[in-house]
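Each protein sequence line maps, in turn, to chains A and B. As numbered in full-length UniProt numbering, residues 1 to 165 make up the first sequence, in order. As numbered in full-length UniProt numbering, residues 1 to 198 make up the second sequence, in order.
A few of these clues could be false.
[Said to hold, decoys possible] Listed below are several chain A residues computed to face chain B (Cβ distance under 8 angstroms; list not exhaustive):
hint	residue
1	R8
2	Q11
3	K14
4	T25
5	G27
6	V36
7	M40
8	T47
9	G51
10	V53
11	C75
12	A95
13	D158
14	S162
15	G164
16	L165
Hints in this document: simulated from the structure, not taken from any laboratory. Using N, Cα and C, we set each Cβ at its ideal position, and we do this for glycine too.
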Amino acid sequence: MNSVASKRLFQEYKHLTTDPPEGITAGPVTEDDLFVWEAMIQGPEGTPYEGGVFPAELKFPRDYPLMPPTMKFLCDIWHPNVYPNGNVCISILHAPGDDPNHYEQASERWSPIQSVEKILISVMSMIAEPNDESPANVDAARMWRERRTEFERRVKADVRRSLGL
Amino acid sequence: MAEAQSTINIPQILAVAVVGFLAIRWWLSKPSGPTQEPRSQRPRTVDVVKVEQVAAMFPQLDRRTIAWDLQRNGQNVQATTERVLAGRSLDNPPPSFQPPNLASAGTQAPAVGVSGAASQQGKVGGQAQQDLIARYNLQAKVSGKGKEAVPSEEAQRQRSAWSSDKAARADGLRRRREEMVLAARRKMEEKEGKGSAA
Numbered sequence: 001m002n003s004v005a006s007k008r009l010f011q012e013y014k015h016l017t018t019d020p021p022e023g024i025t026a027g028p029v030t031e032d033d034l035f036v037w038e039a040m041i042q043g044p045e046g047t048p049y050e051g052g053v054f055p056a057e058l059k060f061p062r063d064y065p066l067m068p069p070t071m072k073f074l075c076d077i078w079h080p081n082v083y084p085n086g087n088v089c090i091s092i093l094h095a096p097g098d099d100p101n102h103y104e105q106a107s108e109r110w111s112p113i114q115s116v117e118k119i120l121i122s123v124m125s126m127i128a129e130p131n132d133e134s135p136a137n138v139d140a141a142r143m144w145r146e147r148r149t150e151f152e153r154r155v156k157a158d159v160r161r162s163l164g165l
Numbered sequence: 001m002a003e004a005q006s007t008i009n010i011p012q013i014l015a016v017a018v019v020g021f022l023a024i025r026w027w028l029s030k031p032s033g034p035t036q037e038p039r040s041q042r043p044r045t046v047d048v049v050k051v052e053q054v055a056a057m058f059p060q061l062d063r064r065t066i067a068w069d070l071q072r073n074g075q076n077v078q079a080t081t082e083r084v085l086a087g088r089s090l091d092n093p094p095p096s097f098q099p100p101n102l103a104s105a106g107t108q109a110p111a112v113g114v115s116g117a118a119s120q121q122g123k124v125g126g127q128a129q130q131d132l133i134a135r136y137n138l139q140a141k142v143s144g145k146g147k148e149a150v151p152s153e154e155a156q157r158q159r160s161a162w163s164s165d166k167a168a169r170a171d172g173l174r175r176r177r178e179e180m181v182l183a184a185r186r187k188m189e190e191k192e193g194k195g196s197a198a
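If we strip away everything but chain A, and leave its shape as in the complex, we get (with noise of 0.2 angstroms):
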């Protein structure tokens, strides 16, 4: 089962590394464990997060790919999606079947044809667009709701901040 998963693991690997989206780089944080990576990703271009560097961590499950990863950024990110503890909230990242809430179709959620440069990707693009119907960060899904000059200043100092500027 877990040379499933670790063999998996490392040809995704190897295809983020031969071919890697645009913004996005990652990879385990060691390959003696397979099953810590360490991902980072562009700021959207067009967004407050332009500019910035997002690093964050994915877990594996030892069953991966029939279970998702957990993915956790590392940095302060002020996000309607993503927990202030830098949990990201995400469809692709909730175990497979259909939603018990009814709010999400199976076909958005993990599976184990999606892969980790699909789950960066949409990543990406929830950075991109917010989905302010299950905020994660309800204080950052309020601002952004509310106070979008705000908010947007809000995280182009953080980004600032991250650069060591």
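Go by the hints and put chain B onto chain A.
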């Protein structure tokens, strides 16, 4: 006589075999009957998938509490869900209930509670304060104030090549990460330079 004996013997042997087989089975299954009950109580390992299912619906609940309720109602997610929805709170698990496989899931699970977990979240946020330059030990590379060499395209292409050597791969990944941070910083500095010049 010998012929008669042999024709009688075959069904006899078969009968003895069948009866013997049944007797042995009965004898073997008898002791396992009483031991089965304690065994069903014993598993301290919980079905993490089911716990996560419930936890996803009710992020405010402690995973151990969920596991305890599931354990007692025979891993019935529906029953636990209905119990919470009906407003009956789940019983607190006894301190001795420490499912070993839940511990790992618990630590990496989202500390979701919208209001309750705020203090916990603050703690985690504290360690994330560090900026990227410190995080990736890039102080030396940015002290030159924008003079750090921009890697040529050739060098960048080499980094994204797949090496058969494990160390080289790790090194390539590390460099690509560093370059991403440095490039972002260069860009930001440039933009700010333009902004202040204008």
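Evaluated hints:
no.	hint	result
1	R8	16 angstroms, violated
2	Q11	11 angstroms, violated
3	K14	6 angstroms, holds
4	T25	5 angstroms, holds
5	G27	4 angstroms, holds
6	V36	10 angstroms, violated
7	M40	5 angstroms, holds
8	T47	14 angstroms, violated
9	G51	5 angstroms, holds
10	V53	5 angstroms, holds
11	C75	6 angstroms, holds
12	A95	7 angstroms, holds
13	D158	10 angstroms, violated
14	S162	5 angstroms, holds
15	G164	4 angstroms, holds
16	L165	6 angstroms, holds
Hint compliance for this structure: hints 1, 2, 6, 8 and 13 are not met, and every other hint is.
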